[in-house]
Structures are given as structure tokens and as C-alpha cells.
Amino acid sequence: MTTPGKNAKPVLTLARREALWAYLFLLLPLAFFLLVRFWPTLQAFQLSLFTWHVDPLQRQFVGLGHYQEMLGEPRLQRALLNTLLYTLIIVPAQLVLGLSIATLLQSVTAFKGLFRAIYFAPYVTPAVAVAWVWSWLYSVNFGVFNNLLFEWSLFWEARGIPWLSIAPQPFLTSPSQALLAVAVVVIWQGLGFQVVIFLAGLQGIPRMYYEAARIDGANPWHLFRHITVPLLNPVIVFSVVISTIASLQLFDQVVNIRFLDQGGPLNSTLTIVLYLYQEAFGRFRFGYATAVAVLLFILVLVVTIVQFKLISRRVDY
Amino acid sequence: MKAVTKLIVAAALVLLSGTALAQITITYWQFDFATRVEAINQLIAQFEAENPGIRVVHETFPHAAYAEQVAVAVPAGQGPDVAQLFYGWLPMWARAGLVKPLPEQFFDTATIDAEFVPMVQVAKIDGVYYGLPTSVRTLALFYNRDKLEAAGFSQPPSTWDELIEVAKALTVRVGPRFTQIGLGVAPAGQDHHLIREVLTRQFGTPPHSEDGRQVLFGNEAGLAAFEFYTSLITEHEIGVIEFVPGAGGYREGFRSLENIAMIIDGSFAVGDTAAVAQFTWGVAPIPTLDNGVRANFGSFWMNGLTPNAFRDPAILEASAKFLEFITRPEAMRIKLELVGELPARRELIDDPQLVVDPVFEPFVAALAYATATRFVDELAQRRVIIDAVNRVVMEGMDPAESWRLAAQEEQGILDQFHRQ
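Those sequence lines, one after another, are chains A and B. Oh and the first sequence: position 150 is 149 in numbering that gives the first Met the number 0, straight run, nothing missing. Oh and the second sequence: position 227 is 226 in numbering that gives the first Met the number 0, straight run, nothing missing.
Keep in mind the hints are simulated off the structure, nothing from the lab. Treat the hints loosely; a few may be bogus.
Stated by the list, open to error - Pairwise CB distance ranges (calculated):
{"id": "1", "chain 1": "B", "residue 1": "P312", "chain 2": "A", "residue 2": "F237", "range": "56 to 64 angstroms"}
{"id": "2", "chain 1": "A", "residue 1": "A128", "chain 2": "B", "residue 2": "G174", "range": "53 to 61 angstroms"}
{"id": "3", "chain 1": "B", "residue 1": "R418", "chain 2": "A", "residue 2": "A120", "range": "29 to 37 angstroms"}
{"id": "4", "chain 1": "A", "residue 1": "A116", "chain 2": "B", "residue 2": "S157", "range": "57 to 65 angstroms"}
{"id": "5", "chain 1": "A", "residue 1": "L80", "chain 2": "B", "residue 2": "F60", "range": "57 to 65 angstroms"}
{"id": "6", "chain 1": "B", "residue 1": "T110", "chain 2": "A", "residue 2": "L33", "range": "50 to 58 angstroms"}
{"id": "7", "chain 1": "B", "residue 1": "P312", "chain 2": "A", "residue 2": "L19", "range": "27 to 35 angstroms"}
What the hints assert, rightly or not - Covered stretches of chain A, going by a simulated chain B footprint (3 or more residues, C-beta under 8 angstroms):
{"id": "8", "segment": "240-252"}
{"id": "9", "segment": "256-268"}
The C-beta atom is built at its ideal place from N, Cα and C for all residues, glycine as well.
So here's chain A without its partners, still in its complex pose:
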């Protein structure tokens, strides 16, 4: 029998061979990813340093000129503020509502599938259709919401309690209400997704923890706070990170809900991506728009890293 000596080749174990095959198969998606994601991102960094022209020879190098221009641009500052507000409203709302509905759905036995379908339906509805219908719901003179407020006010006035009546609201035609109105639409549409992931997370928590806690005298709130929430931590992190990234990149609903005055009224619903889109495809300033895109990239990256550090917690029971 030969013993392995100094000149023996390294042993190609089964584990190593399997790993090699894995790397080989991963090579294809990795190449695709590099080509379609990373390479254009690097190109975008480069593009942000030039002014745009169809003819590459006529593009002028401006260095950090676009970034300097961004600093003094009031519309971009407003877009940044709005985007932050959207995120601060949408993320907690979707988290709380998603978790609450999922918890309630968990204890429902009849028509479970139907409820899930109803909640998920808005998520698969095209954003254009959603925005169109909601712009009619919010319509000052014809919308359902103001009609309801009108009926409500009539009801109380007829009973001699006029101070309970509520005036018709301007919703999308008011710079102070428009952002909130759009946020409600986004929350409504994204809720289904949140419910589904939380349902999946809830089903992954072993029953025996709840039983053990009940034996020790825990009430439903204790169960929720000390078992459900900590063990749902991975799902909560996922939900927060995904909805934050989506809110920071909000575009679809904003664009379609006020079609002739996008980002209005008076820039109150403007988001970074919408501003970028208008600069790029309305004014053909692709160099400047790419600089804004780089800014957004950095913003999303920083926020995501911070969230991972702050919220992620490993919980073992």
C-alpha cells in the first residue's frame, strides 16, 4: 500500500468535489449579475461625472459639478425630505398592520384562504390601476371619502350636534394632505405582502413555547411580547429592510396618482426617484440624474446597514 508522501497531490475529497460543482453552477448567475448589475452601476458612477449627449464625443467632463449642483437644488432637498417622511410613515405602519392582521388571521379557521386572498389582492394589482381608482376615491367633489364625510356631517347636523361634522377634505389637492394620502395608498397596497411573510413567520414558532408559557400563567399580551415578537425577529428585520428600501425608491404610485402634476401639488409628494426620472427623461440630463441615482444608492446602502446592525438580534429559546 502506498502512503501519501511529499509529492502526493491534494486529495479531491467528495466534499470538495461537491463544492466545486456548486461554484461552477453559481458562476453563470454570478456572471449575469456582474454584467447586468455591477457593470452598469460602475458605468453610472462614471456617467455622473459627464454631461450627457447622444454623441459620446460631445459629452463634457464636469467632475463633481453635478454633485455640487445637487446641494443647492431646492426641489431635490424637498424630494429628500418627502422620501424620508414617506419612509417614516410607511415602514412602521406596514409593520404594525401586517403583524396585527397576520396574528388575527392565524387564529381564524373558517375561510382562511379567502381572507388571505383578499389581503393579497392589492399587492398584485397594477400600480397604475390602483392610483387611478384612488385618485377618484380622493376626489374632492365626487370621491367616496368626501361623500361619506358629507353623509356623516348631515347625520350629526340633523341631530343638532353640528360640531361633530367634518368638512370635505382636499386630500390630493392640498400640499399638506397629499403626501399622507399617497402614503395610505402605498401602505394599503403593500399590506398583503407583509401579511403573507408574517403568517409564514408565525407558523414557524413552535406551539410548545406558548403552551409552556400559558402553564406559567402568561396572558395573551405576555405571549405576544415575550415569545412571538422575539422569535419573529428575522421576519421583522426582513419586513423593515424590504419596506424601507421600497419606500426610499417610491415612484409608481406617486407618478400615477396626480398624472398631470407629478410630484405635486407644489412638490409635496415628490420623491427622489421621481425627481431623478423627471431630470433624466423629461429634461434629458442623464449625467445629473445619474448623480442623483448615486446619492440614492449611498442613502439606501447606509440606511440598510444601520438597520441590520440595530434591529438584528439572535434569539434562542
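Knowing the structure of chain A, use the given hints to seat chain B on it.
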């Protein structure tokens, strides 16, 4: 030869003769406006019949996505050889290199100056034409004759005071809300043109200087014009911004929902209104002040040549031929019939038959005094006016303050453009 052999030879000859003519394919892009699409399809059929070696591919996109599609396709060498664009976008498009000047060998500047209506001169940059329109448009007052007559008005209003009177009679409120309004105000529709180009002139000032570099409408006359417009909403309450939600809501309210009695719109709306309206409607000239000064806003969609057309002499020739074809008098007649857009050539404007038609009469008459704003960036300048009105109506800002800000913003846009 046997019969079968003869047949085979004949078939081969037919096929060969077809391929012997080198097929040049050019692409024409415009945005999706049903009647215009139909008109161009007819013109393409005629053009291809006249020019058997050229095939024209016609593609359309929704209005919102149109500029985006062009911006993405042209740098990639794809997309249109001949593209339609709004004249107000030309400076931004030319600056980005999306359209190139019309080659002198096919298009003579002096001839175009002489044959087309004067407003088309705005399609020139540095004395060279960048495209040509098939049609031009002006604005007029569309009114619901049935509603006016039911309220006791046999004639449409001819002065602004009369319009306010008519509109007040036709505005219906229920509590704090409206179920019908007299004038479908739409700053995001055509009203920003109305304010910037028509009202300012009626009140006594051109909006910009001759060279287009200075904002003049910030003066007293301009402010008076702006205050008048906002008073229609805030004081007389004959109009509500976004009364009917959605893009083109003011049009829908006028012709489909019939809860708007009058709108100010362009001649391009005639075709659709004629097709859809279930009531008697009419068109009247835009009202004037008591001083009788007339002004109107003329505009047009022009057809230009993209860099794609210049990559090959044969394609350039074919594209130039097509552009020339769709700006011929016959093409303009078809557009007039199908869309309701006025011909861009002087010879047709003087056509007596055109002037007699009661629907087109106000639009054609306005051509004599219509001006086309010399935009540098129509999208940004449009937003200036919309925001100015919104600040007054939605935030209760003093009109003078809001208009001062608007003049400042607009001057900033002009300065930024000319600085580069």
C-alpha cells in the same frame, strides 16, 4: 415548356423582381393619440404606394412614456429615424443630440419661411430648421350650447365679464362642494399657456423679451393677468382645479360627464369631442377684456430627424422624403379631416372652405394673431405656472408674492439654459 415549368419561372421572376428593389425601412415614432395615429397610417399607405422601395414602420407610445422611449432608444442606435416632438421640447432635445438640423439639400430654409405659417419659425435654432409640423393648433373656448341655452344665454360670451356671468349661472354647488362648474380651469392642461401667452398680452405685456432671454411677465400688467385668472377660482368660484380627477379630467368633464359647461382647449380636441359628445357644442374665440385686445397661443407638434436617420445616405434620403410627404398640403388636409388640426401651410389657411366651417372658424381666425412661446424647457416652465396658481389657490398665498416667485423661477430656467 410545360405548364408547370412556366408557372415556376413566372413565380421566380415575381419574387426576384420584388427583392431586386432594395427595401429601405425607416421608422416613425409619435405618441399615442388615436385620431393622429389613424391619419399617419393613411399617409404611410399613400407614401408607400408612391415609393415602392421604402417601407415605413409606425410605432406609438403613451404620452407619458414617449420622451423616455426616445431618450433610451436613440443613443442605442435603435428607434425612430423620424420622430415627433412638441415644439417646446426642441431646445432640450437638440441640446441632448436627439434631433439634428434638417439637411439643407432636402429642406430649404427660405422656402419653409415663405410657405409655412409664421409661428413655425420657432422650430429654428440658430437660423436652421430642426423639424416641420404637419399641423398647428390654437386655443378657443368650447362651450356646451345646450346648457347655455337652458340658462338663458343664446350666444357664447365674448368678453371675460360675460364669461364670468355665464359661468356663475352654470355653477352648481351642494354645500361646500360643486356638482357642476361653469369653466373647467386646468393650469396643468392648456391654462398655463392661456396665462403665459394670452392673458399677459391681453393685459398689456408680452411674456418674454424678443430674444426669449428675459422674463417680462413679472411686471404690473403680467400680475394683473395672473390675479385675474386666480380670481376666477378664488373670488368668482366658477372653476375648481382638478374638478374631475385624472389626466385630461377637464376634457372628460366637458364632453363625457357633462358637468363642466365651458373649457379652453386646443383645436386638437375637436376630433374627439365631435366623436364623443352627446350634446350640442360650439366653439367661440377666447374672450377679451373690454379693450378688445386679441391674443392666442399657437403651438405645434413637429417631426424631426434623429441621428439614426443620418447613419446611411439612403436612409437619410428616405427619411427626408417621408418628412416632406407628411408636410405636404394633401397630408395637412387629411389631418384636418381626421384630427381637427389646422394646416401649417399658408396656402391652406387662406382656403375659403376652411374658414366657413363654424367649428374651425375661431381657430383659424386666431392664427392671424397667435404667438408660440419661445420655450427653452416646456416641462419646467409649465411647472412654474402650475405652482404659481397652486400657491394662491391651495396655500392662500398673496397673488403678487406668488407671481414674483414665478417670474424668478422662470428667469432662473432661462438663465440656466442660456448659460450652458
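How the hints compare with the structure:
no. : hint                                : result
1   : B/P312 / A/F237: 56 to 64 angstroms : holds (59 angstroms)
2   : A/A128 / B/G174: 53 to 61 angstroms : violated (31 angstroms)
3   : B/R418 / A/A120: 29 to 37 angstroms : violated (51 angstroms)
4   : A/A116 / B/S157: 57 to 65 angstroms : holds (59 angstroms)
5   : A/L80 / B/F60: 57 to 65 angstroms   : violated (33 angstroms)
6   : B/T110 / A/L33: 50 to 58 angstroms  : holds (55 angstroms)
7   : B/P312 / A/L19: 27 to 35 angstroms  : violated (56 angstroms)
8   : 240-252                             : violated (count 0)
9   : 256-268                             : holds (count 7)
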